[in-house]
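**Q** Here the protein sequences line up with chains A and B, keeping their order.
Under the numbering used here, think of the first position of the first sequence as 1, with each following residue one higher.
Under the numbering used here, think of the first position of the second sequence as 1, with each following residue one higher.
If you're looking for bench data, these hints aren't it; they were derived computationally from the structure.
Here the structure is a predicted model, which means the values were calculated and not measured.
Beta carbons: idealized from backbone N, C-alpha and C, even for Gly.
Fair warning: there could be bad hints in the mix.
Cut-off 25 Å, straight-line C-alpha distance, at most; resulting in silico cross-link-like pairs (DMTMM-like, lysine to aspartate or glutamate) [said to hold, decoys possible]:
1. A:Lys336 with A:Asp271
2. A:Lys304 with A:Glu289
3. B:Lys21 with B:Glu78
4. B:Lys21 with B:Asp85
5. B:Lys102 with B:Asp48
6. A:Lys264 with B:Asp116
7. B:Lys52 with A:Asp305
8. A:Lys264 with A:Asp305
9. A:Lys323 with B:Asp93
10. A:Lys264 with A:Asp94
11. A:Lys304 with A:Asp263
12. A:Lys264 with A:Glu64
13. A:Lys323 with B:Asp82
14. A:Lys264 with A:Glu278
15. A:Lys323 with B:Asp116
16. B:Lys21 with B:Glu88
17. B:Lys52 with B:Glu42
18. A:Lys264 with A:Glu279
19. B:Lys52 with B:Glu78
20. B:Lys102 with B:Glu88
21. A:Lys323 with B:Glu42
22. A:Lys323 with B:Asp48
23. A:Lys323 with B:Asp67
24. A:Lys323 with B:Asp92
25. A:Lys323 with B:Asp85
From the derived model, a few chain B residues whose C-beta atoms are all more than 12 Å from chain A [said to hold, decoys possible]:
26. Asp6
27. Lys21
28. Gln34
29. Gly36
30. Val41
31. Gly47
32. Glu60
33. Pro84
34. Asp85
35. Asn91
36. Asp107
37. Gln121
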Amino acid sequence: MTAQLRRTPLYQAHRDAGARLVEFAGWEMPVQYQGILAEHTMVRSRAGLFDVSHMGQVEVSGAEALARLQWITANDVSRLGDGRAQYNLLMLPDGGIIDDVIIYRHSAERFLVCVNASNREVDVAYMREHAGGAVIDDRSDELALLALQGPVATRALADIAGGGIEGVRPFSFVSENVLGHSCLLARTGYTGEDGWEIYCPAESATEIWRTILERGAERGVGPAGLGARDTLRLEAGLPLYGHEIDRTTSPFEARLGWVVQLDKGASIATDALRRRREEGPRRRLVGLEVASGGVPRQGYAIRKDGNAIGAVTSGTHSPTLGKGIALGYVEPQFEKVGTEMAVVIRDREVAARIVPLPFYRRSGS
Amino acid sequence: MEFPDDLKYSREHEWVLVEGKVATVGISAFAESQLGDVVFVELPGTGDSVTKDEAMGVVESVKAVSDVYSPISGTVLEVNDDLPDNTELVNDDPYGDGWMVKIEMSDPSELEDLMDAEEYQAFIAEAES
Chain A
1 MTAQLRRTPL YQAHRDAGAR LVEFAGWEMP VQYQGILAEH TMVRSRAGLF DVSHMGQVEV
61 SGAEALARLQ WITANDVSRL GDGRAQYNLL MLPDGGIIDD VIIYRHSAER FLVCVNASNR
121 EVDVAYMREH AGGAVIDDRS DELALLALQG PVATRALADI AGGGIEGVRP FSFVSENVLG
181 HSCLLARTGY TGEDGWEIYC PAESATEIWR TILERGAERG VGPAGLGARD TLRLEAGLPL
241 YGHEIDRTTS PFEARLGWVV QLDKGASIAT DALRRRREEG PRRRLVGLEV ASGGVPRQGY
301 AIRKDGNAIG AVTSGTHSPT LGKGIALGYV EPQFEKVGTE MAVVIRDREV AARIVPLPFY
361 RRSGS
Chain B
1 MEFPDDLKYS REHEWVLVEG KVATVGISAF AESQLGDVVF VELPGTGDSV TKDEAMGVVE
61 SVKAVSDVYS PISGTVLEVN DDLPDNTELV NDDPYGDGWM VKIEMSDPSE LEDLMDAEEY
121 QAFIAEAES
């Protein structure tokens, strides 16, 4: 007997579009419509529309909102202006990572935190535990989240939201009326392309979804599933919670040292992070290009001269590069770009080499 | 989804075309569609002996790894050398250009364990329900 899976407001739209639905983090989500490779290419060349309503949204408000967010995160939330977004990490006292999040600042006393579906309950409980006088409001069920990503995404969104959005910079957002619904339009994403994340009322999601696809069809916009989302983020070198980062990884090991702002003032993890930075990483996240011989996948061993030196955390066949790529942890002495090693695929060593991250960078960025 | 009448099918979703003592083998339209876009194919070598119901190769899609089982025992006579560099043939033409190996059967009576197209479709429907 499997537990009842949760469904987003777009469940029926996915069924109608012929999506293949799979379980993901307790949700029944579309993994693909026409096919992962076709959807991947569509996002790189035109644009794709994703339903990521399984992700959670937590509003933090009140006079203490900023101070409480500062306390439990690694990045400096005080650097955010109104209408700006920031990648951040929810931290354990020992310097491990509870979740990676995007924080949107409406005002000094009102923030929206977008969290991973798999961590939502844990995150909300943790935020409440450390809320002090701030108000923690889990708005996940009342909000849907669509991601429109790709080189034509901005024009396709402007078709229905107005040309004013074209001036919005990356990691900025605006509150906008879309088809009569009050939405938050953020120039953020998880694909390595220009694009938008559209936070809208759950009851408006189907109308907005269908309208973007109908109006965007002539620009080449189509629906894209979580399968393509994973290959896209991996090519872009973006971490996925539960793969590259978890409660045991430090930001420094995960190449997220840029997120850690130790000078921002006291936080729950400041002492631990300072110590971990001084000690140096015990392992380092690297990008690997893998020779032909199968697809590298999470958990596969990484060897150097026959000795185990690490493991793959995410791997795939890169549709853009046409070869195997992987993110994984190796012992720090092997982290240099160009170092040759092997990934073990079905008991066989397949040649691999450390390459710079990201694997893919869009032109002009 | 097509299941040609002139083929036999295994429970592991391979198809078999019998011509005299030679069995041509591939994976069914159901199997390729369940896998999604195939991006890696590994097949046995010419001259290898294969055993009924034992793994003889691997297909990988973006999302999944799947063994290819030999539906029949015998010796590999020929391998589809186009597949490793053109893995999309498995999705585009599973019963044609996506064929995998030709096997000289050592015991054609094993064919009796395979299903015809009608039985196979019933088998899939059962598995899916």
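**Q** Would you mind marking each hint as holding or not holding in the structure?
**A** A quick look at each hint next to the structure:
1. A:Lys336 with A:Asp271: Status violated; Cα separation ~28 Å.
2. A:Lys304 with A:Glu289: holds, 15 Å
3. B:Lys21 with B:Glu78: Distance of about 13 Å is within 25 Å: holds.
4. B:Lys21 with B:Asp85: violated, 29 Å
5. B:Lys102 with B:Asp48: holds, 11 Å
6. A:Lys264 with B:Asp116: Roughly 70 Å separates the two Cα atoms, so the pair is violated.
7. B:Lys52 with A:Asp305: Outside the cut-off at roughly 37 Å; violated.
8. A:Lys264 with A:Asp305: violated, 43 Å
9. A:Lys323 with B:Asp93: Holds, at about 23 Å.
10. A:Lys264 with A:Asp94: Holds. Lysine 264 (chain A) to aspartate 94 (chain A) sits at ~18 Å (cutoff 25 Å).
11. A:Lys304 with A:Asp263: Judged against 25 Å, a Cα distance of about 38 Å means the pair is violated.
12. A:Lys264 with A:Glu64: Satisfied, since the Cα-Cα distance of roughly 16 Å is no more than 25 Å.
13. A:Lys323 with B:Asp82: It holds: about 17 Å lies between the C-alpha atoms, which stays within 25 Å.
14. A:Lys264 with A:Glu278: Given that 25 Å is the threshold and the Cα spacing comes to 18 Å, the pair holds.
15. A:Lys323 with B:Asp116: The given pair, whose Cα atoms are some 38 Å apart, is violated under the 25 Å limit.
16. B:Lys21 with B:Glu88: violated, 29 Å
17. B:Lys52 with B:Glu42: holds, 18 Å
18. A:Lys264 with A:Glu279: holds, 21 Å
19. B:Lys52 with B:Glu78: Distance of about 17 Å is within 25 Å: holds.
20. B:Lys102 with B:Glu88: Since the Cα atoms of lysine 102 (chain B) and glutamate 88 (chain B) sit roughly 20 Å apart, the hinted pair holds (cutoff 25 Å).
21. A:Lys323 with B:Glu42: With Cα atoms ~15 Å apart, lysine 323 (chain A) and glutamate 42 (chain B) stay inside 25 Å; holds.
22. A:Lys323 with B:Asp48: violated, 28 Å
23. A:Lys323 with B:Asp67: Within the cut-off at roughly 21 Å; holds.
24. A:Lys323 with B:Asp92: holds, 20 Å
25. A:Lys323 with B:Asp85: holds, 11 Å
26. Asp6: holds, 28 Å
27. Lys21: Answer for lysine 21 (chain B): holds, closest chain A Cβ roughly 31 Å.
28. Gln34: violated, 9 Å
29. Gly36: Contrary to the label, glycine 36 (chain B) does not stay out of reach of chain A, its closest Cβ about 6 Å off (not over 12 Å).
30. Val41: Violated: least Cβ distance 10 Å, not greater than 12 Å.
31. Gly47: holds, 20 Å
32. Glu60: violated, 5 Å
33. Pro84: Per Cβ check, proline 84 (chain B) is inside 12 Å of chain A; nearest 8 Å; violated.
34. Asp85: Its Cβ does come within 12 Å of chain A, the nearest being 9 Å, so this is violated.
35. Asn91: violated, 8 Å
36. Asp107: With a cut-off of 12 Å, aspartate 107 (chain B) remains clear of chain A, as the shortest Cβ separation is near 28 Å.
37. Gln121: holds, 20 Å
Hint compliance for this structure: hints 1, 4, 6, 7, 8, 11, 15, 16, 22, 28, 29, 30, 32, 33, 34, 35 are broken, all remaining hints hold.
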